[in-house]
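Visitor: The lines below spell out each chain.
Number of protein chains: 2
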Amino acid sequence: MILSNEQKQMHWTTSSSKKRQHTGDDSTVSGLAFEPARKLGADDLNKNIIDAEYAVRGAIPMKAEELEIQLSQQPDLLPFNAITVANIGNPQQLDQKPLTFSRQVVSILQYPPLLDYEEQLVTSGAYKRDAFKRAAVLLEQIGGSVGAYSLAQGVYGIRESVADFITRRDEGETASPDDIFLTDGASKAATYLLSILCRDSSTGIMIPIPQYPLYTASITMYNSVMLPYYLDEESGWSTKAEEIEQQVIDSIKRGVTPRVIVVINPGNPTGAVLSFDTIAQILTIAAKYGIVVLADEVYQNNIYKGVKFHSMKKVLRSLQRDHPNGEYDNVQLASMHSTSKGVSGECGQRGGYMELVGFSNEVRQVILKLASISICSVVTGQALVDLMLNPPREGDDSYELDVRERKEIHNNMKTRGYLLYDTFQKLEGIECQEPQGAMYLFPKLLLSKKAIEEAKSLGLQPDEFYCHRLLDTTGICTVPGSGFGQKEGTYHVRTTFLAPGTQWIKDWETFHKAFYDKYRD
Amino acid sequence: MILSNEQKQMHWTTSSSKKRQHTGDDSTVSGLAFEPARKLGADDLNKNIIDAEYAVRGAIPMKAEELEIQLSQQPDLLPFNAITVANIGNPQQLDQKPLTFSRQVVSILQYPPLLDYEEQLVTSGAYKRDAFKRAAVLLEQIGGSVGAYSLAQGVYGIRESVADFITRRDEGETASPDDIFLTDGASKAATYLLSILCRDSSTGIMIPIPQYPLYTASITMYNSVMLPYYLDEESGWSTKAEEIEQQVIDSIKRGVTPRVIVVINPGNPTGAVLSFDTIAQILTIAAKYGIVVLADEVYQNNIYKGVKFHSMKKVLRSLQRDHPNGEYDNVQLASMHSTSKGVSGECGQRGGYMELVGFSNEVRQVILKLASISICSVVTGQALVDLMLNPPREGDDSYELDVRERKEIHNNMKTRGYLLYDTFQKLEGIECQEPQGAMYLFPKLLLSKKAIEEAKSLGLQPDEFYCHRLLDTTGICTVPGSGFGQKEGTYHVRTTFLAPGTQWIKDWETFHKAFYDKYRD
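Just so you know, the sequences run in chain order A and B. First residue of the first sequence: 1, per full-length UniProt numbering; consecutive thereafter. First residue of the second sequence: 1, per full-length UniProt numbering; consecutive thereafter.
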């Protein structure tokens with residue numbers, strides 16, 4: 001910008017009282033000539049945000065959006081009829097139906113006069129009776145209207161409900177509503193914590209590789225250092241404590257303080273589920289080195305194999321009980337959950353929570369202040385957290401339907417996951433771990449030299465090249481492994497297994513064979 | 001933290017294969033002894049967030065929350081029966097009813113099977129017919145479910161609706177859906193922009209004083225420099241262009257680049273409404289110095305006097321037309337609006353939008369990326385933006401009721417605002433500007449030396465002291481002027497005029513007289 005000097009200053013008083021040509025009212029201004037300044041470019045912006053990357057909605061999904069428009073305008077020019085959205089876990093965009101009970105309750109919260117029509121609506125079969133009862137309870141807790149700001153931390157009664165759920169889930173390890181913060185999805189909880197805990201450029205944030213790119217993006221935005229710990233693909237993407245501790249020691253040596261360890265369980269994009277033992281080892285490292293554990297547990301209900309989900313909180317309490325000398329008493333753990341995943345799939349409703357365990361009051365106050373600046377999370381999203389965690393109970397009118405719906409959604413996901421997995425198993429040049437949890441597969445692509453060279457000549461990463469060709473040929477939109485992180489020289493693709501039907505899987509198979517034939521060395 | 005060294009590293013492989021004592025399953029861990037690390041304190045956190053202040057939910061509102069609990073437990077110990085929440089513009093927490101049409105539509109969006117019961121619900125009087133029609137249109141635009149993530153920028157059809165509203169509001173100055181970003185309230189829009197535009201500690205952000213503390217909090221969090229321009233209380237808190245330009249020139253001289261000017265119109269907390277002429281002057285400064293205009297226009301429908309709201313966009317287009325040499329073509333303007341204010345008052349639903357005008361494509365892409373990382377704003381909030389801006393039209397079944405409700409809410413606010421204003425006018429030691437817009441009064445307190453000394457002896461700002469005493473005596477919760485900024489040596493209090501009834505106003509009057517009698521010099 002060309003700096004201005006005092007001589008250039010406009011004479012407001014003069015111009016508005018004397019020189020200005022009035023056109024009748026106050027609708028004209030000084031006509032003094034000036035050089036318009038230039039517009040801002042990327043160089044003028046916060047560099048940390050410029051540098052942040054988020055592949056889930058990166059180049060390939062953006063191209064898919066363009067193709068979608070093209071499809072609606074000139075469908076004949078493309079070799080497919082529809083875009084298959086497999087880049088983002090967004091079940092209700094595909095054919096997943098919301099849970100009936102949840103939506104009946106929230107519709108009443110949105111329009112409480114429906115309470116006066118209970119008899120009519122139950123008789124006609126539009127609603128179940130327990131939906132009215134639950135809505136009345138929630139309305140009372142919320143204070144009468146979902147249109148009012150709640151406390152920054154969230155509606156107290158809903159936080160009590162969340163605490164009750166955690167206590168049940170963790171087999172009696174109690175939780176307190178004072179430790180629950182209701183947030184707009186889990187993403188908001190993660191960014192609150194990382195924005196506070198990323199102190200400066202000597203702060204290290206440990207993340208699994210591969211990981212959900214919200215974490216790398218946040219670390220970049222908050223100007224801290226990413227400390228990767230690599231998951232072991234060959235053993236089903238397992239987490240190795242020794243790898244983590246080595247990273248801690250190495251980081252401290254080079255002056256980076258490991259401040260947070262992000263644990264995604266079940267894993268995104270890997271689907272791996274952590275054992276009790278592995279979690280205990282991670283907590284031991286956290287206790288020993290004073291590292292905050294950020295547990296992304298949003299897929300805790302998406303478990304498909306004969307494995308069990310152990311919450312980090314439950315394991316922590318167990319360790320604390322087993323170590324009466326207090327070795328684990330200082331562990332600081334934040335566990336996040338969301339209405340977007342599980343069988344709820346209410347992504348667009350932005351419900352979520354975090355439970356804070358072991359943080360000092362000082363730190364909690366800072367988190368509360370940050371939440372206060374955002375005022376509150378969406379109140380209907382808060383209600384959906386309650387409804388996801390506390391479904392109708394046996395004997396309630398909605399119970400059977402609700403159980404059936406939850407089971408069906410769960411089984412559907414499992415079936416699709418395995419169908420895709422089985423397909424990959426048959427194919428040349430693709431290696432896939434068995435799905436354990438979450439809603440993704442992250443197969444490894446064994447690409448030929450020819451394919452890698454072709455990619456390079458186009459200025460693309462090899463897996464990016466594969467995903468582009470997959471999209472161009474079949475309309476299937478995925479994300480290359482490079483967006484999640486992977487070991488040097490390996491290539492992957494992340495796909496959800498949410499898309500309905502089987503045709504897209506067949507299309508992928510056909511594409512894959514042709515791709516491998518074309519680029520065979 | 002005591003640094004660890006390699007010698008201290010646990011022997012994971014050994015411990016998990018040999019030394020560990022199994023208790024039957026994988027539920028035990030290495031029993032190696034270690035010193036637990038200390039917990040984090042404020043010094044370990046991001047200093048910019050520690051330093052941020054947000055008085056709207058600061059010390060006095062927090063005390064009010066405690067008193068509320070005390071009231072429910074031991075009501076006889078307090079000199080009042082209820083807390084009057086006047087610290088935050090949260091109409092539906094008080095007695096304001098949501099607009100019927102909006103809520104009917106959103107309830108159907110939440111539970112689309114209601115569409116099958118249209119006849120029954122219209123016949124019984126539960127719903128108006130046009131609610132079903134509108135819900136069907138919105139559902140189609142949304143893609144079938146409010147539970148799916150939308151595009152990061154928001155649902156396209158709703159953005160079209162917003163653009164149509166802006167075009168009507170601005171008397172034919174057209175708007176484009178491509179320029180609209182739907183956001184979780186206006187706060188989210190403001191923080192997106194400021195986080196991107198606060199490049200570093202040489203970036204200056206101009207804000208009016210007094211201001212809504214989201215702005216000062218964000219500037220602190222994003223590590224830039226606050227450049228205040230003082231509003232002129234005596235002329236009804238008017239904005240003076242010469243004051244702004246002087247600040248620009250002074251800042252450039254000391255090496256701080258003025259990058260953004262925040263304009264709150266109608267003002268919060270002042271309620272002042274800017275004239276066309278003043279807006280044009282601000283835009284001239286923006287054009288000349290290349291300063292982005294961040295227009296907080298969330299109170300555009302809360303106008304009480306015979307004044308007219310001019311959007312900055314409309315004024316900009318008018319200037320651009322009047323200056324064919326392009327002096328104003330590079331102006332970069334972001335205008336924000338919200339469902340929380342106006343007669344909508346849907347605070348807890350987190351609906352909002354920003355319109356971006358004149359930004360380079362490069363900058364827009366960064367804004368879009370940041371929105372993508374948050375995935376999307378709550379979809380029902382997006383729908384409420386549409387419903388707020390496009391109410392039923394003449395001839396629609398809901399038209400008359402909707403007009404009546406909107407008028408009643410508006411008039412209620414106006415009546416209460418003037419009632420409070422008239423009360424302040426009668427009182428000693430308090431000077432209040434006439435309410436023009438928004439939902440607040442920001443009277444000046446002329447405090448005695450005795451009161452100021454008493455405050456100092458308690459370690460409080462004088463206006464903070466007044467607000468504490470007001471809360472302790474009457475249960476009325478307000479925010480001291482120091483939370484919004486004020487000229488050195490002046491003291492104010494911000495109160496909403498939303499609380500129902502007149503008793504709290506009488507209580508305030510009684511308190512004020514007693515306070516002034518007690519601390520008379």
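It is worth saying that the hints were derived from the structure and are not from the lab. Accuracy of the hints is not assured; some may be wrong.
Copies of one chain are not kept apart here, so a pair can be met inside one copy or by any two copies together.
To be verified - DSBU-like cross-link-like pairs, simulated, lysine-lysine; straight-line CA separation at most 30 Å:
1) Lys133 to Lys97
2) Lys253 to Lys97
3) Lys456 to Lys47
4) Lys305 to Lys518
5) Lys253 to Lys456
6) Lys253 to Lys314
7) Lys314 to Lys240
8) Lys487 to Lys369
9) Lys414 to Lys305
Visitor: Regarding lysine 456 and lysine 47, is the shortest C-alpha distance of 30 Å or less found within a copy, between copies, in both, or in neither?
Guide: Within one copy only: 27 Å inside a chain, 43 Å across chains, cut-off 30 Å.
Visitor: Could you figure out if lysine 253 and lysine 314 sit no more than 30 Å apart (CA to CA) within one copy, between two copies, both or neither?
Guide: neither (32 Å within a copy, 58 Å between copies)
Visitor: When no copy is specified for lysine 305 and lysine 518, does a C-alpha distance of 30 Å or less occur within a copy, between copies, both, or neither?
Guide: neither (36 Å within a copy, 74 Å between copies)
Visitor: Between the shortest in-copy and the shortest cross-copy C-alpha distance, which are at most 30 Å for lysine 414 and lysine 305: within, between, both, or neither?
Guide: Intra 9 Å, inter 62 Å, cutoff 30 Å: intra-copy only.
Visitor: If the cutoff is 30 Å on CA atoms, where do lysine 133 and lysine 97 land: within, between, both or neither? Let me know, please.
Guide: Both: 23 Å inside a chain and 22 Å across chains, each within 30 Å.
Visitor: One pair to classify: lysine 253 and lysine 97, alpha carbons no more than 30 Å apart. Within, between, both, or neither?
Guide: neither (52 Å within a copy, 60 Å between copies)
Visitor: Is it within a copy, between copies, both, or neither that the alpha carbon of lysine 487 lies no farther than 30 Å from that of lysine 369?
Guide: between (39 Å within a copy, 26 Å between copies)
Visitor: One pair to classify: lysine 253 and lysine 456, alpha carbons no more than 30 Å apart. Within, between, both, or neither?
Guide: Neither. Shortest intra-copy (36 Å) and inter-copy (49 Å) distances fail the 30 Å Cα cut-off.
Visitor: Pop the pair lysine 314 and lysine 240 into one bin, within, between, both or neither, using alpha-carbon distances up to 30 Å.
Guide: within (20 Å within a copy, 60 Å between copies)
Checked against the numbered hints above, the structure breaks hints 2, 4, 5, 6 and satisfies the rest.
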